[in-house]
Amino acid sequence: MNHLADLFLSPFQEFIFMRHALVACLALALGCGPLGVILVLRRMSLVGDALSHAVLPGAALGFLVSGLSLYAMTLGGFAAGLAVALLAGAVTRLTTLREDASFAALYLISLASGVLIVSLRGSSIDLIHVLFGTILAVDDAALILVASITTATLLVLALIYRPLIVECFDPGFLRSVGGRGATMHFIFLVLVVLNLVAGFRALGTLMAVGMMMVPAISARFWAKQVWSTALVAVCIAMLAGYTGLLLSFHANLPSGPSIILTAGLCYVFSVVFGVHGSIYARHRKGEHLEG
Amino acid sequence: MNSIFLYDLTLGYDGHPAVHHLSGVFEPGSMTAVVGPNGSGKSTLLKGITGILRPLGGRIERGGLKISQIAYLPQQAEIDRSFPITVLDIVALGLWHRIGMFGGMRKGLWGQAGQALSSVGLDGFERRPISDLSAGQFQRVLFARLLLQDCPVILLDEPFTAIDARTTADLLGVVHRWHDEQRTIIAVLHNFDQVRSHFSKTLLIARESIGWGNTTEVLTPENLQLARQMSEAWDESAPACRRSVS
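Protein sequences, first through last, are from chains G and D.
Be aware that the first sequence starts at -19, since it is given in the numbering used here, and climbs by one per residue.
Be aware that the second sequence starts at 18, since it is given in the numbering used here, and climbs by one per residue.
Same shape as in the complex, but just chain D (with noise of 0.2 angstroms):
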């Protein structure tokens, strides 16, 4: 199994760093939810991880892993919904380790993306349009997806954000079980008693690691004050970090 190291790394965008100097190891299996404000880097370690961001300073290091071993589930905002493109066709992308950009659909990979999307609940929806889909409906979608994608390390961002309660307590069954058969995940998260009762591990994070560990030695109200009154906004006149890897 393979871990994911994280050494000394700093993402960000036009040199201002979005995570500053963050070290530490997500274990094979583990399940860690990534907290913290807007703003604190979360979305963008996820980015980091997958390889879509290179790194400003440090490394990343996947343990023997492919990028497209690592399945990710970016924000809804991201796609385009309006898209005019069926259900099963979505789903059907998840099977590309096994099909390629040009490889044929025989009729057994047909009836995989079947079975996907009926384990999410959405039976009968192969052939609708997506834009005819409710936000919940598409991350269902989604998540059928990411089933077929059979990845070792899956990465979620704000995978339950405007999901109402229901949708929500079928895809945490889906995590859960993804759990049981030792994936790695790793999941953006903003409702914390979400995080306390499906999450063990958390990371804490405001640009820098306030906390990272079992979900209670993490989520304090002493780490969240803290994690609170780091600044959000860019110091355009920043100088140069000079910090050494310590």
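The shape of chain G in the complex, shown without the other chains (with noise of 0.2 angstroms):
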């Protein structure tokens, strides 16, 4: 029974970034479940990478400026991440590009000139202190910052949740009753940005995009409707972030990667023992129904 103890809570017992970094991984879970389910309902899946990777240079020039300051790189970051939102829904609009083209051009763009920003300046763990997080650096601010992001995330997705929903399936009927679809659009691409930006202090820019897109992608298998699936990509967040941690701690390894690769892990069992539409159910052979 202490042996248990040991493995799975003397961890956050006994060292206070473990605590924070958990406390951090339920809050970043509860606002990227839905938001996660969201993209991927909205066939935009890559659009979160790429926002993701679009995040970097203003994080990088937050460094440039201030060094590991939390708050000049997580406005950076989200200055950036919002600013390629913006140019590949104008470029979307203006010409006849589409949205996911225009987003993998402006991403590139905005990844390269990150990395080399960084490379001006910093050493290449600086780079990978960027890229990939560090657990240890979730104080009590950082903390703070990703609590008030999940809030608000929540409440505005409470607030919103029906025109976005609409826009997400029939935009025509949105507009038809005068309803107002591309602030919509808007609105929630501001919130995948916040929350990304809100996870690249723990799990680096790289991987916070997985802690939105794997575990909803998984809650895909597992229900038929937006907000359970939403319920359950959150509970595969938060078990995906304490395992990886547990993992990232007694294993000596880096946090960010553990714990996507442990919602990788779920993503594999959903995607062959899930309940709707896995390969399981596809190929069971059973008795079928009267009618």
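In case anyone wonders, no lab produced these hints; they're calculated from the structure.
In this text, a Cβ means the ideal position worked out from N, Cα and C, and glycines have one as well.
Treat the hints with care, since some could be wrong.
Footprint (simulated), chain G over chain D, 3 or more residues, beta carbon under 8 angstroms [what the hints assert, rightly or not]:
1. 84 to 94
2. 99 to 109
3. 114 to 123
With the hints in hand, could you dock these two chains into one complex?
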């Protein structure tokens, strides 16, 4: 019994940075779960990825100006992510390029400038910190930031839930009743950028999006409605956060990849054994119903 | 009651007209079929009337109707039917004019949604996800939503395409009920027999109006021949249209 407690509880009892990291992961899971589900439903899974890369040059600029300062890097990352989201939207509206293509072009430009900026000043260790995160860096201030962003995300999502969901599957209807689909889409993108910025401190810019997408994609195999899928995604993300942190602690691995790989295991399990549309569910031989 | 006037209306994409210099009126309470070959501007016209598409030239007067008072049923392909949402949730969206973006659904409103669903013959389908429905059942769901929208003007874009005879008959019954309630109905249709037996007015369109009036006078062999001859393709090097308002 004691042995189990050593394994599963004591890292969090003994070390304050582990507690901070755990709380940050749980909070991130709450916001990222529903956002990821909606990204998947809008067929924008890769747009989340693009946005997470787009955050880098802003965070790097903040780093260049004031070192590993939480606020400078957060603000810079948010501004850069938002700029890419806005520019991609503008290019899509003004030209014939489709949204995924304009996102791809802009995030690559953004990523390249980010790496360039970091290499101008910092060492490669710094770059690795920005790209993959440092769990030790989650201090009180970072925790408050993550919690605030999660709270704001959930409140705003609750407020715009109805028009946002309708915009996903029947934008024509939303327009015909005078709903502002484009505004909802934009608010939603702002929330995505905010949560990516919240995640990059603990998980790094490259891994933050994993907390959003992998649980959401896995959850599609377990639930049939938007709200229930979001709930499953939150649970998977929380489980991945907790297990990933333990793994990283005991095996002395970087935390970001440990957490996302744990979520990846959930994904593989869901693909094979999920209730809806998984390999098992589709190939199960059994009796069919009468009618 | 409100007429919908079109004054020298041109609608299109990238400057190319899909509806060209169209003038006329949809009388209040009228039931008009819009027919014409593919690419003749039928759907574009409906999108113009709903306000989704802005005119390239001319104007539409909706007689004081707000955009939200014009209900619009798009072609089925425009809705993502794999989306994880239940039938009752879709129908309840018809109450948007009552609940808006943020309002709550009171118990009575859920009851109304359920009634709308049973009046299109889908009792007991409330909790089903829309991905489980056939094309015909899904069209019934969208009609239930239109019922709740309770609009004086209803636009239907190919409502009976790929729908079986029984469902079509049921839904035509709903359309007739709307007509009896003095609502204005404009429907894009391809089946001339359907048009002749159910719609008193017809607009035959091939980018420009070939005929607009009583169905028997519009759907003549000569007019249909004329409509078929209009070319579908855009002329990339077409000069700017200089036609003046007639």
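Open item on the list: Hints numbered earlier in the text: which of these fail when held up against the supplied structure?
Closed with: Checked against the structure, no hint fails, so every one of them is satisfied.
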